[in-house]
Amino acid sequence: MGATETQRNEWLVIRIEPHHLYRARRELAGVAVVYCPLRVRFYRVRQKHMRSEGPLFVSYAFALVENDPGDWHKVREARGVEQILTGAGEPEKGRPWVCDPSDVRHIRRLEKAGEFDEAKRYFEEMNAKRARKKAQKAKKYRIEDLKEVINIIAETAA
277 MGATETQRNE WLVIRIEPHH LYRARRELAG VAVVYCPLRV RFYRVRQKHM
327 RSEGPLFVSY AFALVENDPG DWHKVREARG VEQILTGAGE PEKGRPWVCD
377 PSDVRHIRRL EKAGEFDEAK RYFEEMNAKR ARKKAQKAKK YRIEDLKEVI
427 NIIAETAA
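Mapping of the sequence shown onto the working numbering: residues 277 to 434, in sequence order.
Please note that a few of the clues may not be correct.
What the hints assert, rightly or not - Keeping only pairs whose Cα atoms sit at most 25 Å apart, straight-line, the calculated PhoX-like set for lysine-lysine is:
(1) Lys409 - Lys388
(2) Lys405 - Lys350
(3) Lys409 - Lys396
(4) Lys396 - Lys410
(5) Lys396 - Lys324
(6) Lys324 - Lys423
(7) Lys423 - Lys413
(8) Lys423 - Lys410
(9) Lys405 - Lys324
(10) Lys423 - Lys405
Hints in this document: simulated from the structure, not taken from any laboratory.
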């Protein structure tokens, strides 16, 4: 391997033990940058809307590591990390599967734009529905507009 090849950083896909993402991040602090895209969900408890964040890919994360087998070993042995995804055949000693950096950048852009925020989409739809109902109530209709009123009611029911 040449000197420039060992200096190159690669995004590896690592498998994290359940509920140990923060432990893995802490253990790999000096070796790798760990990135786990988050998905925002909502749920209701006693008529209140609650938000929760969780990993987009359950039990998986990306680790930015130098292209060096010594660093791969440190990642494999870190507490909280189950394994590094590799090519078929040699999970313990095989060459790790490298994720394309443009894919990781794309996922980060989507996360920042709120594409994985289910709560945001739900509340935007709910607010749009309220605005349509409010506009409908404010509008005065004549008997000639009966067909239009029936269509609007059918749309809001769907």
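Which hint numbers does the structure go against, in order from smallest to largest?
1, 2, 6
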